[in-house]
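Q: So you can see what is in the structure, the chains are spelled out below.
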Amino acid sequence: MTQPETSFDEMIRKRGNQAIAEMTSFREKLALIALRMVLTVLTLAIGVFSNSQLGQADEPVNFDRDIRPILSENCFHCHGPDAADRSAELRLDEHDEALKVISPGNHSASELFVRVSSDDEFLRMPPVDSNRSLTEKQIELLGQWIDEGAKWSPHWSLTAIEFPAVPSLANSSELEFENPIDLFIRKRLAEEGLLPSPPADKRTLIRRLSLDLTGLPPTPEQLQEFLDDDSAEAYERLVDRLLSSPHYGERMAWNWLDAARYADSNGYQGDRERTMWPWRDWVVQAFDENLPYDQFTVWQLAGDLLPDPTFEQKLATGFCRNHMINGEGGRIAEENRVDYVMDMTETTGTLWLGLTLNCCRCHDHKFDPLRQKDYYSLFSFFNQTPVTGRGGDPQTAPVLAVPSPEQSQELAQLQSELKAAREQLEQETEELNESDSEEDSSEVEDSNDEASKLVKSLEERIEAVEKRIPKVMVMEDQSEHRKTFLLERGLYTALREEVSADVPESLPPITEEMLSVNGNAETRKADRLTLARWLVSDRNPLMARVVVNRFWQQVFGIGLVKTPEDFGVQGERPSHPELLDWLAADFRDSGWDVKRLMKRMVMSATYRQSSRTTPEMIEVDPQNRLLARGPRYRLPFWMIRDQVLAASGLLVRKQGGPPVNVYQPEGVWEEATFGNKKYKQDHGEDLYRRSLYVFWRRIVGPTFFFDNASRQTCTVKAIRTNTPLQTLLTLNDVTYVEAARVLAEQILTTKTEGDVEKLHQIYERVLIRPPSELETKVLLRGLNRSREEYGDTPELAASLVSIGEAPVHSDLPVVEHASWTALCLAIFNLDETLSKE
Amino acid sequence: MDPRLENRLHTTRREFFGRSATGLGTAALGALLSQECFGSAESLGGLPTLPHFASKAKRVIYLFQNGAPTHVDLFDYKPLLGKLHGDPIPAGYVDGKRFSTMTGDASGKLMLAPVEPFRQYGESGAWVSDLMPHTAQISDKLCFIKSMHTEAVNHAPAIQFLLSGGEIPGRPTLGAWLTYGLGSESANLPAFVVMTSITKNTTCGQIFYDFYWGSGFLPSKYQGVKFRGSGEPVLYLSNPKGISREMRRGWLDDIAEINHQKLRDFGDPEIATRISQYEMAFKMQASVPELADLSGETKETLEMYGPGVEEPGTFAHNCLLARKLIERGTRFVQLMHAGWDQHNSLTTELYNQCRDTDQASAALVQDLDRRGLLDETLVIWGGEFGRTPFLQGDFNNRVRWGRDHHPYAFTVWMAGGGVQPGISYGSSDDLGVNVATNPVHVHDLQATILHLLGIDHEKLTYRFQGRQFRLTDVHGHVVSDILA
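One line per chain: the protein sequences are A and B, in this order.
Count the first sequence with the UniProt record's numbering and you get residues 1 to 837, in order.
Count the second sequence with the UniProt record's numbering and you get residues 1 to 484, in order.
If you are wondering where the hints come from, they were derived from the structure by calculation, not from laboratory data.
Predicted model, so just to flag it, every value in this text is computed and none were measured.
Glycine residues also receive a C-beta, built at the ideal position from the N, C-alpha and C atoms.
Each hint can be trusted.
Partial chain A-side listing against chain B, Cβ under 8 Å, derived:
(1) Gly330
(2) Pro615
(3) Arg634
(4) Asn732
(5) Ser799
Taking lysine-lysine and the DSSO-like style, the derived pairs with C-alpha atoms no more than 30 Å apart in a straight line are:
(6) A:Lys483 x B:Lys97
(7) A:Lys654 x A:Lys680
(8) A:Lys717 x B:Lys459
(9) A:Lys202 x A:Lys595
(10) A:Lys467 x A:Lys654
(11) B:Lys459 x A:Lys137
(12) A:Lys680 x B:Lys241
(13) B:Lys241 x A:Lys777
(14) A:Lys758 x A:Lys202
(15) A:Lys187 x A:Lys137
(16) A:Lys777 x B:Lys283
Same shape as in the complex, but just chain B:
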């Protein structure tokens, strides 16, 4: 942070507490220096220069499909693949291209038709595989980008590249940038929340590294708070057995009284922050369990998200929590679902992945829409790259069919938040191998997401190691054709 701004925050905070911290009620506002105390309830923290321009989207839900979903089997329909099924890849598609060591040289690989048929849906006429029946039903609300491409061919670097703009851990992720730039809208819940899930009995899950929601060189308060799928949603959230909430309240007041004395005596503004953080923690102890409690949801809503919605740790459960978080002002919800890495399970585990994510993803978009939240919420669905349109494995052994990593073309979809609904942008070639029209690089996607939130991606920067860093490195163009 600019040191002058930093000092100003220090000063403001100290002044605020110095003058008005006579009771706990006011102190509670503390940590993220609240605009509320100046009469506007827009956001807590954030940079005074942001947003750079008016925007529809205020919040983001990223449904990250970890492991790389197969674009040619789900959303990118290529009839020619069916015609060439079992034939070697025609010349000119993969010359000189790098694949993972599992594929090595791709020439001579056999083409593989989509494992299930595609149909057209809605007014937009989007082609969607039978594997995704629920998503198909809402395709008029979605914007498919079929010309995504990236640089990395392995999971961890590619995911990190997509989320932070760099393949190697150390840069802030999208959620951290947004929280840093725009601040929080919730005084009792974290601004950046992460939840992970994996389909049961999946053999190819990828590890969820904590740098996927890291703050890199930004202060660590901007890193994502991971809600856990089992046990307490937030680590150390519950009081120890033997201390009731009332008893805790009493001791927190005692601690605060002594800390206030310390603040008066020592004048260190960090003490004021600490006092407020103890209050925030106390609030979270109530707000987080309230969030996780689904008893206020109607049966119809629960059914909409599909089976497993009431079971913590499932994708459906996480989708419903994502909606609740968005309702309560969380800025960025990052859901990560592992298990899309179908090297040899295209005819088996792929079906499980689709079953476990399709309905809930579609339900989330619809649920946000009917509550009037979709306009302000950008929903993104996609993985770190695509999968090879050619076969990995033995053509004669259908049960073990698979597809390898494929960075040269893949599909993501977006909904709400100022994105045009019911369109498809860009295309891959007739076999889904390379981008054919309107390529969208990972940095372009990032620039577009920031734009949708009112941020000029070239202007949201942070100085580290002597230079200004940004999410899009030194690249990125906003894909203006998809803006509503």
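Extracted from the complex, chain A is given alone in its bound form:
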């Protein structure tokens, strides 16, 4: 599609009349059914938007909201920040420069307007061959803006974050809500003529909340406790309990591992295994302990440069080293090294600035005020790494040894033994030298030999233990400063002018106190720690907005800014700009308190709404950007897996440690690597660990986590598709069938009366509610059908209940067990089970 993507606001505003134009041009072959559909859309859209449509005409044009997107999409490519590609020496991204072709107050005297509205195809801008064109409405807006004085304002995300006023609602008597989130959301709903949805019931809420905060469904006991608590504080108590659950950190860590491109192998050819998992465990711990997000940032980017860094601060810098490593033969080391530093630079740009820095590898940014020079200035911070890019060792120094407590103990023991043995040896050697009689001498010699053997064997044992200790690649700066040059077209061989470590010129500069001490303490320098300090400082307008938006996406499904990776001019504008700024300012001023932010979001009435929707709501707001209903979407597959393990009772809640190889179809690694990597499935409790601990082979990721980030480069956008391949997984994979089998066994061996009661119990464990009448009817019909079928084919029943390695503890009749297994599997495959509701 070459037509420009409209901003969300614009889309909502224009929907009424745009829908008509588009729908009628939509393919000539529409049959009657489609025409009927069009009519419905029109009726609904016009009905809902008539108010806001009328109100729009009188409103003055807002440059940042209405005009910059038009200029950026259509003009900046040739008249923007990129000096190399600029035509006619004209730039329209800066006010002074733009005034060369604009006469404020008079659109017809403005060259800009004349050119965009010209009928002459040689004069008209954008040029015909650019594949870009302005709509009548856009031209009209430009004219109106010029007539209103062509006022300029900076791009929203680059302005300092200030607390916007929390709106008060006219009919706030209806609202007992004090959560500012609700006030902002409801103000917008009122403007659009929409009503919020009623609160979801308690059972829906506890499931939604437990999944959101721990990634696991509530246990029957937790459910009962919540249902029994009739007090007004019941919900808040539940929130607090979940926030302090040991599973909270595991849930929060997942998205960060996706963002941080965490994996258990290098990627590329060879794809050697690495041991970065102690860093993964640190992330879990950091979220559990609610490490303030500014420290979370500083430690990971520059913990090694902090004064007297702790073990954990050094470990945290493993973040930077999570990039892929290319060990392909024939690769030039420096090319690799530059790739790694670029990856660190761009990952930082995405996660703390929300800027698409990668564009500036090769040229000045086409849209945002970022020059190629700015890219290499940021690159310089990471360019002091001593890593050379040679070889593919997944433990390329600098590394940090992270022994387990047992290993530490073993090592300490061996070392003290070694010390004693060495002393002994030394003493005997002395004796040997001093002894004069030959007889004595030979006796001492023997003993001396023995002592030296002992020393040698202890040294070997120590070496063996040290070899077993996982080593995490971490950050250090080399002592000699490496010069950084702008690389033409991003080529590692095309060195151009030298640049120094700095932040982009268009953002507030580094201050004196952010600089680090330089060696002899006489001078100060800008290093990675400086960059980290600057990122978390109040001067950086982006970090708080970008981070809050990612957490919002995690809870509500879509960010307030739908493009979490791009807060630049071409990114989407926030659906609720004031709310985003309010949350960002509050998050920052709270001391970057993540649990407080999470709590504020899930405590909101907005979050607690029912996710039921109506055709009207779907027409008006299909993606639920206005939040007139609660979030509803398919759960991530890692969570779907954890959910069925938990519901069946198979889940092993052990935390941390080396990754595990759970069930995966045979031959997947082998086929991808020509047999070089053989998948050795683990057994016993390792099969039932949480998804977080599943081994992540970078060139061929786990086959059972659809839509997940590939963990090859930094990814922050949530992807949710709906394909038949996913369906085959949850219907046929041994993980799901085994969980169904174990759940069936549990229910059948619990003292329960009759099928209805048994079904009830299964529902309580999976969907946290009793089945409806229809569900009971349909599922028990299916159960009886299965009983008949398996009654005729008991060998099939026996096959089904033997799937998976979990032992069968009972001597249930196989036909009964198999029939209930099939029923449980069906429940695992209901849309509601797969969804957060």
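Please arrange chain B on chain A, whose structure you already have, making use of the hints.
A: Below, chain B without anything else, positioned relative to chain A:
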């Protein structure tokens, strides 16, 4: 996707199911919003603005030769190489050019004659090596492009560049772009299928990274579905042992009944999609094994593809499946065959590669032709770059002769799908080192492929990270001289 279009798809889908989803038969059409439900059976999904113009080709089979076949030993005949055999490379050919670290500075390297003789074939008089006897026989159906050149000198970046237009993973590949743009023509099989193979006993296989068929920033439903060479062709395809197809049918109906209730109650259009995907999965459980079943093929056909055709995972087997997929409406079939990386095996493993791919490639073109499918199907054969016309290794040790990576000139061939048959386009210099006439850059090849499918490569774009991306980046010219 344009959000307005996205909303329209949402709306249409919801309306469709809201009004007509009374039974499973209709729901099955769902996922890829079907034009069929509006009375035309052209394609499922795809952009309403495509194709941009009428085209012959509707489908593509890309026979990707992973590892970079040696152009000067197979299709690009250079008699001068024979004359200079063992001499240092003459001045002026490689000055200042970058090669892999294995070669480093190329000056002074010794020239190496083709390992087998070439002969001329057919009316077109194409020169083809004795290593490729079957391809030689169909050379009048082929269009050789002998002036290909690329930018990367290592496998993974070069393959990614050829398939996605960018060296670094993250962009959609050709098949994903086509599926996104043109949609699917099959309701029971994926629109974009990938199969891989490797010659037995080959030591120099390159890894098949899944980003070679990735959808990049396009929604992941456009990524290639990899059919596996062993075990089930599609992961998780079979019912668990202990659940028969009839039992599964029964439970799927139960699941659907409850999901329909949910849809009525909650109104979330994703539920309708999910219902249809469960149906699609059920259909695939039948259609994929049917595809893999070769019992309907005649003995003559099987023999035509050559030995190994009945053995899953071989190139010949994959070629035959490719034809069956094309017959059933799959849009893009990407076969990847590894093992062409002859750094030191020009006189050994190269022979195996040719033996295992030559016959089946030629058979595929002929088989499509006699079934009347070649006109609508574009077949492409080629690797990610060429190999050095000079020697890698010791001149006196023939058994270990090899050639290094060479991005400056290489050959691909195309057949069918609106390409002129029996021609050769462009040329390399007299030693096969650099392009001499009519250079075709990777982006030009991509632009041409899209053109053959009725797509203006500058207009098939997708917005990501604030800008419109396309397969050809900001480059690419259609090679109009090869269009039929």
